[in-house]
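Chains as they are written, first to last, in our numbering: chain A, 1 to 171; chain B, 1 to 99.
Bear in mind the hints are in silico, worked out from the structure with no lab data behind them. Glycine included, every Cβ here is placed at the ideal spot set by N, Cα and C. Please note that a few of the clues may not be correct.
Partner residues are not named here, just some residues of chain B that face chain A (Cβ under 8 angstroms, in silico) [claimed, not checked]: (1) Leu22; (2) Ile30; (3) Ile34; (4) Met37; (5) Ala77; (6) Val89.
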Amino acid sequence: MSGVVFFLVAILAVASALGLVLRRNPIHGALFLVVNLGCVAVMYLLLGAEFLALAQVIIYAGAIMVLFVFAIMVLIPGKEETGPDPLRLQRLLALPLGALLLVEIALILQSSVFTAAPHPGVQPGYAAGAGGIQSVGRLLLRDYLLPFEVTSVLLLAALVGVLALAKRKAG
Amino acid sequence: MGLQPYLILAACLFAIGLFGVLTRRNAIGILLGIELMLNAVNINLVAFARYAADPAGLIFTLFTISITVAEVALGLAIVILIFRVRLTVEADHLDLLKG
Numbered sequence: 001m002s003g004v005v006f007f008l009v010a011i012l013a014v015a016s017a018l019g020l021v022l023r024r025n026p027i028h029g030a031l032f033l034v035v036n037l038g039c040v041a042v043m044y045l046l047l048g049a050e051f052l053a054l055a056q057v058i059i060y061a062g063a064i065m066v067l068f069v070f071a072i073m074v075l076i077p078g079k080e081e082t083g084p085d086p087l088r089l090q091r092l093l094a095l096p097l098g099a100l101l102l103v104e105i106a107l108i109l110q111s112s113v114f115t116a117a118p119h120p121g122v123q124p125g126y127a128a129g130a131g132g133i134q135s136v137g138r139l140l141l142r143d144y145l146l147p148f149e150v151t152s153v154l155l156l157a158a159l160v161g162v163l164a165l166a167k168r169k170a171g
Numbered sequence: 001m002g003l004q005p006y007l008i009l010a011a012c013l014f015a016i017g018l019f020g021v022l023t024r025r026n027a028i029g030i031l032l033g034i035e036l037m038l039n040a041v042n043i044n045l046v047a048f049a050r051y052a053a054d055p056a057g058l059i060f061t062l063f064t065i066s067i068t069v070a071e072v073a074l075g076l077a078i079v080i081l082i083f084r085v086r087l088t089v090e091a092d093h094l095d096l097l098k099g
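Chain A on its own, in the form it takes in the complex:
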């Protein structure tokens, strides 16, 4: 059952990623990214990480995508990326480069690092509900309290930085 769901969602994820890359219109790209992020959230659910799936939908598909769509609406009036391409050779080179990277990763995945150790599914130490809100929250506020607090400082710094950038006068 979970295998069928995995393959359907994986196909949808790869298709939406391809759509994001191949469509010229950035607003279509942003909408494809929403589909892709939803697929990744389903992957998290399949992996038993319920809290991360929720965070994915709320933060990525909610907040970040609204930001993206807003920026695209402000900056790009209609069609973009037309006209002759000054770096055509460079872009043609991108496809073989990306394919090369994929082949390299595939070779690594085939290597003994991942195939030697058997993966019989869930390990015994991984209790049911380990990806739920309770256990993640307990982990976050007990074992990883300092990084958690530092993250809030990071977000504050980003907030101040964005405000400083946005208030600057043009020219």
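Starting from the structure of chain A, add chain B where the hints point.
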């Protein structure tokens, strides 16, 4: 379900995202490609957390997501500022730092 399918999916998404970053001409398209790559990494982290029975991977993913939020907010602010100054977001035209 083994670990392998998740890693292969993440590798595919990462390669597609890299292709997008290399080929897109406007800065927002490049940022979208970076989002794709970060998500592929997150899938890897969660899959490893599940199959190594170590919930630390979930915490890493959580931090990745929050850092991505900061990155996107700052990146888009910079892009909007660049648009105000140069009236374009095409990455190829932004060569002020070129010698």
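Hint check results:
1. The beta carbon of Leu22/B comes within 4 angstroms of a beta carbon in chain A, closer than 8 angstroms, and the hint placing it at the interface holds.
2. The closest approach between the C-beta of Ile30/B and any C-beta of chain A is roughly 10 angstroms, which is over the 8 angstroms cut-off, so the hint fails.
3. Evaluation of the Ile34/B hint against chain A yields a violated restraint, the C-beta minimum of about 11 angstroms exceeding 8 angstroms.
4. Contact between Met37/B and chain A, as hinted, is not supported at the beta carbon level, the nearest pair being about 10 angstroms apart and thus beyond 8 angstroms.
5. Against a cut-off of 8 angstroms between C-beta atoms, the interface hint on Ala77/B holds, since the closest Cβ of chain A lies about 4 angstroms away.
6. Because the closest C-beta pair between Val89/B and chain A is about 5 angstroms apart, less than 8 angstroms, the hint holds.
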